[in-house]
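K.L.:
Each chain is listed here by its residues.
Number of protein chains: 2
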Amino acid sequence: MVRVKELVKKLDPYVPGRSNADLARAYNLDPDKIIRMGSNENPLGPSPWAVKALQENLHKINTYPESNTDDLKRKIASYAGVNVEEVIIGGDGADEILDVLAKTLIEPGDEYIVHPPSYMYYEFTFNIHGAVPVYARWDIEKNQLDLDSVLEAISPRTKVIFLCTPNNPTGGLIDKKDIRTVLESTDALVVVDEAYWEFSGVNNLELLAEYDNLFILRTFSKVMGLAGMRIGYGIGNKEFIQYMHRVKPVFSLNKLSHIAASTTLDDPDYIERSNELSIQSRDYLYHEMSKIPQLKVYQSLANYMLVDIRDTGMNSREISEELMKNGVIVRDCSSFRGLDEYWIRVSVATMEEDEQFINILQNILQ
Amino acid sequence: MVRVKELVKKLDPYVPGRSNADLARAYNLDPDKIIRMGSNENPLGPSPWAVKALQENLHKINTYPESNTDDLKRKIASYAGVNVEEVIIGGDGADEILDVLAKTLIEPGDEYIVHPPSYMYYEFTFNIHGAVPVYARWDIEKNQLDLDSVLEAISPRTKVIFLCTPNNPTGGLIDKKDIRTVLESTDALVVVDEAYWEFSGVNNLELLAEYDNLFILRTFSKVMGLAGMRIGYGIGNKEFIQYMHRVKPVFSLNKLSHIAASTTLDDPDYIERSNELSIQSRDYLYHEMSKIPQLKVYQSLANYMLVDIRDTGMNSREISEELMKNGVIVRDCSSFRGLDEYWIRVSVATMEEDEQFINILQNILQ
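Quick mapping for you: the protein sequence lines, in order, are chains A and B.
Just so it is clear: in the first sequence, position 262 is 262 by UniProt numbering, and no numbers are missing.
Just so it is clear: in the second sequence, position 282 is 282 by UniProt numbering, and no numbers are missing.
Incorrect hints may have been included.
Only part of the chain A face toward chain B is listed, based on derived beta-carbon distances under 7 Å [as the list claims (entries may be wrong)]:
1) V8
2) K10
3) L11
4) V15
5) A53
6) E66
7) L208
8) A209
9) N213
10) L256
11) Y286
12) S290
Here are the simulated DSBU-like cross-link-like pairs (lysine-lysine), alpha carbons at most 35 Å apart as the crow flies [said to hold, decoys possible]:
13) B/K5 <-> A/K75
14) A/K9 <-> B/K9
15) B/K10 <-> A/K73
16) B/K10 <-> A/K5
17) B/K296 <-> A/K73
18) B/K177 <-> B/K296
19) A/K9 <-> B/K176
20) A/K73 <-> A/K177
21) B/K75 <-> A/K5
22) B/K73 <-> A/K5
23) B/K5 <-> A/K33
24) B/K5 <-> A/K325
25) B/K52 <-> B/K73
26) B/K73 <-> A/K60
Anything over 12 Å on all C-beta distances counts as not near chain B; from chain A, calculated [what the hints assert, rightly or not]:
27) L105
28) Y284
29) N326
For the record, the hints were derived by calculation from the structure and aren't laboratory data.
C-beta: ideal position from N, C-alpha, C; glycine also.
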């Protein structure tokens, strides 16, 4: 046997999730009728412009993507109101940007700070590079960052601090003054994950001019409706972005992803409608679930909300299974660090699906 | 400024290539009429089945890809005649598999062996992880591996040995007995890159049963006609593959890439026609270019061939530019380690394009 790294032997073994087709078979469901409220996707579907442009380019998929993505960078820069040199594009969504950040910054033993419960992929990616997680804390009751816990976690070995706003899975925002405080307390890179910012209307771009250790992480998987195409981007100090490009895979943005991202940005009406539908669905779901006495629903500024289900008499695996039997997928949150087995996360869907979901939930909890 | 790794500061700065659109503008060409003989692509276009399946699934690209790709692994295993547990799929083509190999095996200072001239991306990927290249040699005149140079390069720190067959860009095969000799001389992982094996008809799968340090690297970018979709796969010892899965990105195979790969494997007629067209084109180009006295053409078992152009009075940049003015892209090989500025690589195209190319070349060299 070849000599696998000791670090890799200590990582958790990979256990693949069940595929949608498997789930549909197991519960005897039509895979095309499953109500997807587990992955924070866009219920509107993709931009029609994007679909049309893809149709017109399918015959070219035998040719390589462009290694030069300057045209898309320019559109992203224009959408965000930043300079093109401040943009980097990821071909495996924001997840690739995380990997490129680790490659640019992490030497084995370096520390990074996360605030559980939050997006778990930070840890997955950074631990592979030998980085050591240091845990700050998200105050779930107040649904806000415990700022002191972040400041206390900073050490001379801290290389990266992750701040997720709106936070996944809790949905709360981080105060801009808290982000400033963190930026001023360290020379580590502060990664502000704004995957869901459009649903909150609040972003932190204005801080870029003041802090060269700020990096903003974003995605085309949410309001842009392109989760299946795996496109992310980062915005940061242009000198730092240049270093990132030295280690970024050259062809990872596939040809159709490039086209889909570009044409979606050409369709601001779609982006606006996406946003409106998601907010409408979020407000409806919050309102209706709040009426159910066994549920404690957390107010969210994203396209999902966290629900404490401990008063239902079921745990998250059990309630997820009951919902699945009725054709609804929600996110069982027991795998999130910092949450126990009594939490689910519910994503927005179409208004029709929302109503079906509320009916199903009421029936289950009767 | 944040503390970027010293290693990254020493890597070459990233210089993006010119985009196709830029090239077309610069040379006043119709971008859809450029003859692409620079990237070893499939001139037949993608499988019609793949195009049809993509069309039917474009409306779903707002949803995440499956993290479970077992269905595609089973089809690949069946195509290759191996077990499903011996297969890993890469979402950025074979390039992602290279990155995952480095993550599984490389600690800073570990060595890997390459045989220039060969595929340059091995070095790009492995150097990012702090691995140290050790150079063996490809004997260009004989178009074969200098086996002794590989054996001499092996040290206790060798973690990976790359053997590319057919070799890119020279087109020659590596003898199976030489591969055996390398496998028996080391406990390092021997990565046999078979990206182009279908065009040669020769592969090394039969050695898997005997050597647990063999890993075979493959791609959907060549005979499968899906370069734009970025899909690769690896075949190796199943215990080793499990370790690789611990560090592999979870969602990197995008939704449409998954569908395109799966439906192309369902279309063996397409794969056969692809192969036949490429071989016909290769034989024609070899025959016709060999008649031109200023060119020395190397016989190839892949879908490209190496050409020594030093007797034309031009270097590779100059002849590439002359061809580009006439609407043809070939590969200027001066960036390949081990080749000087007098080599180009010519990929197969359609028979009609081949004839146009030969005419253009004759005119330029008159």
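K.L.:
All hints, please: hold or fail.
P.N.:
Now the hints, each set against the structure:
| no. | hint | in the structure |
| --- | --- | --- |
| 1 | V8 | holds, 5 Å |
| 2 | K10 | violated, 9 Å |
| 3 | L11 | holds, 5 Å |
| 4 | V15 | violated, 9 Å |
| 5 | A53 | violated, 10 Å |
| 6 | E66 | holds, 5 Å |
| 7 | L208 | violated, 14 Å |
| 8 | A209 | violated, 15 Å |
| 9 | N213 | holds, 5 Å |
| 10 | L256 | holds, 6 Å |
| 11 | Y286 | violated, 22 Å |
| 12 | S290 | violated, 27 Å |
| 13 | B/K5 <-> A/K75 | holds, 30 Å |
| 14 | A/K9 <-> B/K9 | holds, 30 Å |
| 15 | B/K10 <-> A/K73 | holds, 26 Å |
| 16 | B/K10 <-> A/K5 | holds, 24 Å |
| 17 | B/K296 <-> A/K73 | violated, 42 Å |
| 18 | B/K177 <-> B/K296 | holds, 29 Å |
| 19 | A/K9 <-> B/K176 | holds, 32 Å |
| 20 | A/K73 <-> A/K177 | holds, 29 Å |
| 21 | B/K75 <-> A/K5 | holds, 30 Å |
| 22 | B/K73 <-> A/K5 | holds, 25 Å |
| 23 | B/K5 <-> A/K33 | violated, 49 Å |
| 24 | B/K5 <-> A/K325 | violated, 50 Å |
| 25 | B/K52 <-> B/K73 | holds, 21 Å |
| 26 | B/K73 <-> A/K60 | holds, 25 Å |
| 27 | L105 | violated, 6 Å |
| 28 | Y284 | holds, 20 Å |
| 29 | N326 | holds, 19 Å |
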